[in-house]
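Visitor: Residue strings, one per chain:
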Amino acid sequence: MNKKQIVSAIRDLEPIPEVALQIMEMSRDPDVAIQDVATLASHDTAITANTLRVVNSAYYGLKRKIDSVKEAVILLGIDTIVQLVFMQAASVNLKREMLGYNLMEGDLWKHSAASAILANQIAENVGYDEINLIFTAALLKDMGKVVLNQHVAAAIEDIDNLVHKLGYDYLEAEKEVLGLDHAELGSLIAKQWHFSPQMIRIICDHHLTGGRGIEHDDTCIVHLADAVCSMMGIGTGSDGMAYGFADEVLQRFNYAENGLDQIIMEYGQKREEIDALIDSFLMS
Amino acid sequence: MFADTGVPAFLEAAGAFGLSPGQAKVVVAGGGQMPGQSGESDIGGRNSLALEGLMTDRGWHPHHRSVGGKLNRTLKLEIASGKNRIQIPGQTMEEI
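The listed protein sequences correspond, in order, to chains D and S. Reminder that position 27 of the first sequence reads as 27 in our numbering, one-by-one numbering, no gaps. Going from the second sequence to our numbering is simple: count from 1 and add 1000.
Calculated directly from the structure, the hints in this document are not laboratory data. Predicted model only: the values in this text are computed from it and were never measured. A virtual CB, placed ideally from N, CA and C, is assigned to each residue, including glycine. Worth double-checking, as some hints may not be accurate.
What the hints assert, rightly or not - A short, non-exhaustive set of chain D residues, derived as facing chain S with CB atoms under 7 angstroms:
| id | residue |
| --- | --- |
| 1 | Pro17 |
| 2 | Asp160 |
| 3 | His164 |
| 4 | Met241 |
| 5 | Gly244 |
| 6 | Phe245 |
| 7 | Asp247 |
| 8 | Leu250 |
| 9 | Leu260 |
Next comes chain S alone, as it looks inside the complex (with noise of 0.2 angstroms):
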């Protein structure tokens, strides 16, 4: 699944528990690639593209982003706080 098609189904599914983009915090993570990909074989930044069309059409605005770039991200979240992690390699935890 990607972003084209994961991302309405994430939204409608968020929908469905009665979630409307003013609840949620939205934290954007990803779309890295690696040195070389470009155009077709670019998936991060093809991703990237289409999920903020996705989600600015249907009203919701992330309120961070950590996209692109030739790197991996791991992006953890604390369900009690509700605090966001993103950890990139060679940099300290972001917390949001």
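Chain D with its partners taken away, still in its complex shape (with noise of 0.2 angstroms):
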């Protein structure tokens, strides 16, 4: 199997629908209209049934049942209804089981799922704006490893030695068998599902490999929210703590004084309310 053929194997996911990008590029506008939001998400069943199924959920907990998008954006706001948006398309592809990484069914969504959320909550803590590029990012950074799971499968023992034996951090591991990574990978699916070149960028450099992406505050928030996700075992394979963590985002964020401590427990504050949301997208 070579690179190319890996590759090829892209067109088996579900992609991401068109409509979700163009809600994602409507809400960078400040002065963009509900309706107009509204009316676009309208336009696919599968998103306006989702969201109505969600904000009608425990986690929400409104007082009456919404019936409209367009009410749903004008109560959730403009950012909630994105995120649900791409959470839905997301999750056809991220919640299946990945033997090659020791993912049963659900565990890389769980993963992905709270990565997202939680560099929501990084974000929002830096002071940094843009919060669904932020929030899709880390919820679609490891989609590479729903296309070279089964070639991981196939060659778990060669990774497995130059990790357990060698010392290797798991992408590099991935590369140096496969002949490419699945942060690598994710950034061509990103690619073909035209998403902007800030978004391939930082899901290629998700893991600052070699100190790539470093310099980007985007890269270094949802390489944070991976990495504590991935400590607090949340939807963790066998690669789980295999990659490099860069210390000095705690210092970037002024976070270094028991940041990390605080980063989780604001996360655990919200944690049931958080798995529930988490897990209805597995009901779906």
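Assemble the dimeric complex from its two separately framed chains, guided by the hints.
Guide: In structure tokens form, the structure reads like this:
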């Protein structure tokens, strides 16, 4: 199996609907009209149905039943609707079982969704504006694993040998054995799905391997969220702790003094509600 | 909740059910860290240290430890037999 053949399997994924990309693009305009977002979202029946299902779930605790996307946008805001749309679209691929990474059904979804929610939390804490971009990048950063999974499974002994006996970073081991790693593959998926160059870059560099991407706040936030989710053991597979952590990211965001503890505690206070939200996508 | 608050709460709850150190088999697993975590950011290492101190102070002595390293672990407890199993990626399951 060569790199070209692996990349060609991207077509087997369920792509992110064009409507989702358009809604995200609209959300970047501070003057966007709620009606326009609601009208666009309503054009996609799956997006409409799922948005209403989640909006009416216990997580949001709304006092009355919401029957239209417009009402949902008014009550929860455009950012929340964008995030729900991408969660639904991404969950289709991410909730699969991936035994190459020792991930049971739903594990990668839980890790990805928790990373996205945590990245949102960190972005708000450090005053980073482009919340939807950060959320979506964190949500989609491991999409490459969905495609690479079967190849990792076939080469697991070689990869394990490099990681556990020779001290390789998991990403480096994937690259050495398979010719490309899940982050690079994820960026190729994002490119095929017409995401922005910024999104493609964040996904490609989210492990900050060799310091690549360390100069960008967006990539550092996604890296930190991903690492903290692994430290908390949320949806971690056999590769969980086998990636480098860039300690300097904590200094960059003034988290140096007990910062990781603060991030984990803040997330932990909402953990039950977040888990319920994430799990609700496993049932759809 | 981290080891410094979670372990005392857990031992207190266990004590309320009448459990004393001599009646229990204690297995400690976890405390790993990603390459690059050190000092303040080494939560796994700090948790391991805190746990050992807190347990020793209260007379609890682990029968088995599988801690540290750049590893994540899955700990399984079989209620019926009391057997513990620890799974580390790339290694065979350890039965205790």
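Visitor: Each hint: holds or not?
Guide: To see whether the hints hold, each was checked on the structure:
| no. | hint | verdict |
| --- | --- | --- |
| 1 | Pro17 | violated, 34 angstroms |
| 2 | Asp160 | holds, 4 angstroms |
| 3 | His164 | holds, 4 angstroms |
| 4 | Met241 | holds, 5 angstroms |
| 5 | Gly244 | holds, 5 angstroms |
| 6 | Phe245 | holds, 4 angstroms |
| 7 | Asp247 | holds, 5 angstroms |
| 8 | Leu250 | holds, 6 angstroms |
| 9 | Leu260 | holds, 5 angstroms |
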